[in-house]
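Between the sequences and the hints, there should be enough to build the whole structure, so can you do that?
So the chains spell out like this:
There are 2 protein chains.
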Amino acid sequence: MSTNVSKTVQLSHGGGGKEMNRLIKDIFFKAFDNPILRNEEDSARLHFNGDTAFTTDSFTVAPLFFAGGDIGKLAIAGTVNDLAMMGAEPQFLSSSFIIEEGFPIDSLKTIVLSMAAELKKSGARIVCGDTKVVPRGCADGVFINTSGVGRIINNGISVKNLKHDDVIIVSRDIGRHGAAILMAREGLAVESELTSDCATLWPIVEQLIASNVEIHAMRDATRGGLSAVLNEWASASQVGITANESEIPVSQEVAGLCELYGFEPFDLANEGTFILAVPQDCAEKTLQIMQTFCHCEQAAIIGKVNDFKPGKVILNTPWGSSRFLDVPQGELLPRIC
Amino acid sequence: MSTNVSKTVQLSHGGGGKEMNRLIKDIFFKAFDNPILRNEEDSARLHFNGDTAFTTDSFTVAPLFFAGGDIGKLAIAGTVNDLAMMGAEPQFLSSSFIIEEGFPIDSLKTIVLSMAAELKKSGARIVCGDTKVVPRGCADGVFINTSGVGRIINNGISVKNLKHDDVIIVSRDIGRHGAAILMAREGLAVESELTSDCATLWPIVEQLIASNVEIHAMRDATRGGLSAVLNEWASASQVGITANESEIPVSQEVAGLCELYGFEPFDLANEGTFILAVPQDCAEKTLQIMQTFCHCEQAAIIGKVNDFKPGKVILNTPWGSSRFLDVPQGELLPRIC
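Just so you know, the protein sequences line up as chains Z and L, in that order. Its first residue numbered 1, the first sequence is counted upward by one per residue in the UniProt record's numbering. Its first residue numbered 1, the second sequence is counted upward by one per residue in the UniProt record's numbering.
A hint or two may mislead.
According to the in silico footprint, chain L covers these stretches of chain Z (three or more CB under 8 Å from chain L) [as the list claims (entries may be wrong)]:
#1 291–305
#2 315–322
DSSO-like mimics (lysine-lysine), calculated; alpha carbons at most 30 Å apart, straight line [said to hold, decoys possible]:
#3 Lys-163(L) to Lys-25(Z)
#4 Lys-163(L) to Lys-285(L)
#5 Lys-18(Z) to Lys-7(Z)
#6 Lys-109(Z) to Lys-7(Z)
#7 Lys-160(L) to Lys-30(Z)
#8 Lys-160(L) to Lys-25(Z)
#9 Lys-309(Z) to Lys-285(L)
#10 Lys-163(Z) to Lys-120(Z)
#11 Lys-309(L) to Lys-18(Z)
#12 Lys-309(L) to Lys-25(Z)
#13 Lys-312(Z) to Lys-285(L)
#14 Lys-25(L) to Lys-160(Z)
Partner residues aside, some chain L positions facing chain Z, computed with beta carbon under 10 Å [to be verified]:
#15 Thr-8
#16 Gly-15
#17 Gly-17
#18 Glu-40
#19 Ala-88
#20 Gly-148
It is worth saying that the hints were derived from the structure and are not from the lab. The beta carbon of each residue, even a glycine, is placed where N, CA and C say it ideally should be.
Structure, rendered in structure tokens:
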């Protein structure tokens with residue numbers, strides 16, 4: 001079969017020869033085009049001056065396409081958000097594909113175009129890449145690794161930097177991504193309004209930094225959800241955190257799915273929802289800025305840092321009782337990102 | 001089953017909760033320990049001043065263990081070499097694992113320790129990472145992505161920089177990695193002396209740069225082998241390259257396997273063999289330096305840059321004839337890296 005007319009990815013597309021060069025030029029270079037990528041060296045040549053953030057993520061989400069996104073959008077938003085959460089401008093990304101033999105070229109193009117569209121939201125550029133093809137049954141469609149580097153603009157953000165009396169803010173209603181993947185996997189309700197929160201967070205973070213908001217800690221609540229982030233913060237900063245369940249925004253759809261499947265919305269993954277710890281006197285300003293971004297209209301103060309039980313997160317329930325909100329454990333939802 | 005006593009990787013190890021934290025701490029953090037990694041932020045905080053190289057590679061080699069290396073050694077050497085080939089000091093690496101459910105924890109530890117051992121050869125450090133677990137049948141054991149960044153020390157090296165009359169040097173006998181993988185896959189001869197050339201090339205590159213060797217182009221001959229590199233150079237620099245088959249070192253074992261399976265040693269992958277283009281008056285000095293490294297004792301001048309057929313590589317055979325050495329095509333050997 002000539003690869004000129006091939007409609008699926010073949011092993012030869014990963015062989016380092018003519019077919020691979022053609023695939024890379026026709027699909028990746030075309031979608032990600034920029035002067036650094038055009039250089040065609042083995043590594044990208046960049047210039048940095050000062051503190052720089054470096055991060056990596058592999059994406060294995062199933063299904064590859066879901067309400068509100070796909071693996072490509074997720075791969076770009078995920079890595080860009082990791083940089084943004086460190087107060088770093090997402091500048092340069094790598095993209096590395098592991099593709100299962102027989103994967104449709106059209107689906108690959110859709111994923112790559114989705115990546116290119118998501119890159120525009122932060123201005124980050126793909127500057128280097130890699131393509132591997134494995135035989136049928138040795139991968140599940142497509143896996144993507146995106147690593148990223150960017151200039152740190154705000155150097156004070158750290159999991160170890162939470163201070164007594166900081167307020168905890170969540171950027172929007174939680175659990176949407178995990179719920180959207182669950183819905184797609186179970187073949188549930190196309191009529192549902194539920195979509196993943198998958199989004200690039202750099203524009204809002206850039207605005208917060210430009211407005212001189214004093215951010216003590218910031219983290220997107222991906223795998224392990226809100227529970228994982230709050231516990232990591234409490235532990236790393238050796239502070240107590242108290243959150244009020246009634247103040248945590250959860251959509252009706254997510255709440256319904258959680259009830260049906262026995263999940264906690266606090267444990268469900270998000271892919272465009274972040275948590276902030278800021279000093280009390282910054283809280284109002286922070287919320288005002290956040291709420292000008294449409295996906296953060298529901299941004300809310302959900303809790304506070306205290307010195308009550310260092311290392312622990314306490315959840316006040318709507319019924320007046322309280323309990324520890326623990327780090328999630330068990331299988332949760334596999335392959336949500 | 002409690003993950004305390006689990007002997008295989010479970011889906012919960014990728015869930016973002018307690019089990020994942022424990023796996024990361026017990027295996028990855030222990031082996032890769034350094035102050036940057038210990039920070040536990042989502043991204044590593046680094047400092048750069050000047051030109052920096054950035055590269056990525058995903059590794060899907062099968063089998064995971066082969067004569068002369070394993071996927072872990074390969075992942076470190078491969079990414080370190082990509083940086084080295086740009087004249088960059090390999091400083092900081094990311095490591096991202098995609099692990100198939102049920103993969104033995106002991107094998108994972110072996111791979112991670114092999115990575116840690118290989119890191120020592122260049123001084124590079126793992127500063128960030130990611131762990132995903134996919135259900136049985138959705139991956140083949142372990143895939144590893146390593147991305148890397150490092151300070152560029154020699155800024156003149158480029159695929160576009162070959163000059164008329166440059167000599168082409170190969171660092172050692174070619175085709176060993178591809179042949180070793182083929183051997184492992186076919187279950188051939190444990191008694192054979194053939195091992196992969198898999199190696200970290202930074203020490204020798206550092207020495208060449210420190211000795212002020214004028215390097216015009218440098219590239220490790222991985223997928224697509226010597227043929228791919230020479231053709232890429234000829235095309236990017238718009239020069240002709242002539243290579244002499246009789247001067248290209250090939251071991252008896254590799255030559256024998258090639259004959260048996262119908263491969264060309266020029267097309268076989270290497271993982272610790274590199275090609276240089278240097279001005280004629282630098283050639284002797286370059287060879288002398290290279291040959292002080294034991295894996296480069298066979299370093300040899302194999303050809304020359306000319307203006308005969310720009311963009312083409314001509315191979316002079318030992319029988320007095322000559323032919324174009326083309327970019328490899330077809331399936332070659334899949335999953336050699």
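Quick rundown of the hints versus the structure:
1. 291–305: violated (count 0)
2. 315–322: violated (count 0)
3. Lys-163(L) to Lys-25(Z): 26 Å, holds
4. Lys-163(L) to Lys-285(L): 18 Å, holds
5. Lys-18(Z) to Lys-7(Z): With Cα atoms ~17 Å apart, Lys-18(Z) and Lys-7(Z) stay inside 30 Å; holds.
6. Lys-109(Z) to Lys-7(Z): 11 Å, holds
7. Lys-160(L) to Lys-30(Z): With a Cα-Cα distance of about 21 Å, the restraint between Lys-160(L) and Lys-30(Z) holds, given a limit of 30 Å.
8. Lys-160(L) to Lys-25(Z): Holds, because 18 Å separates the two Cα atoms, which is no more than 30 Å.
9. Lys-309(Z) to Lys-285(L): With Cα atoms ~67 Å apart, Lys-309(Z) and Lys-285(L) exceed 30 Å; violated.
10. Lys-163(Z) to Lys-120(Z): Violated, because 35 Å separates the two Cα atoms, which is more than 30 Å.
11. Lys-309(L) to Lys-18(Z): The hint holds at about 20 Å.
12. Lys-309(L) to Lys-25(Z): Given pair Lys-309(L), Lys-25(Z) holds - Cα atoms ~24 Å apart, limit 30 Å.
13. Lys-312(Z) to Lys-285(L): 64 Å, violated
14. Lys-25(L) to Lys-160(Z): With Cα atoms ~18 Å apart, Lys-25(L) and Lys-160(Z) stay inside 30 Å; holds.
15. Thr-8: 14 Å, violated
16. Gly-15: Status holds, d = 4 Å.
17. Gly-17: 4 Å, holds
18. Glu-40: With a closest approach of 6 Å, the Glu-40(L) hint holds.
19. Ala-88: 7 Å, holds
20. Gly-148: 8 Å, holds
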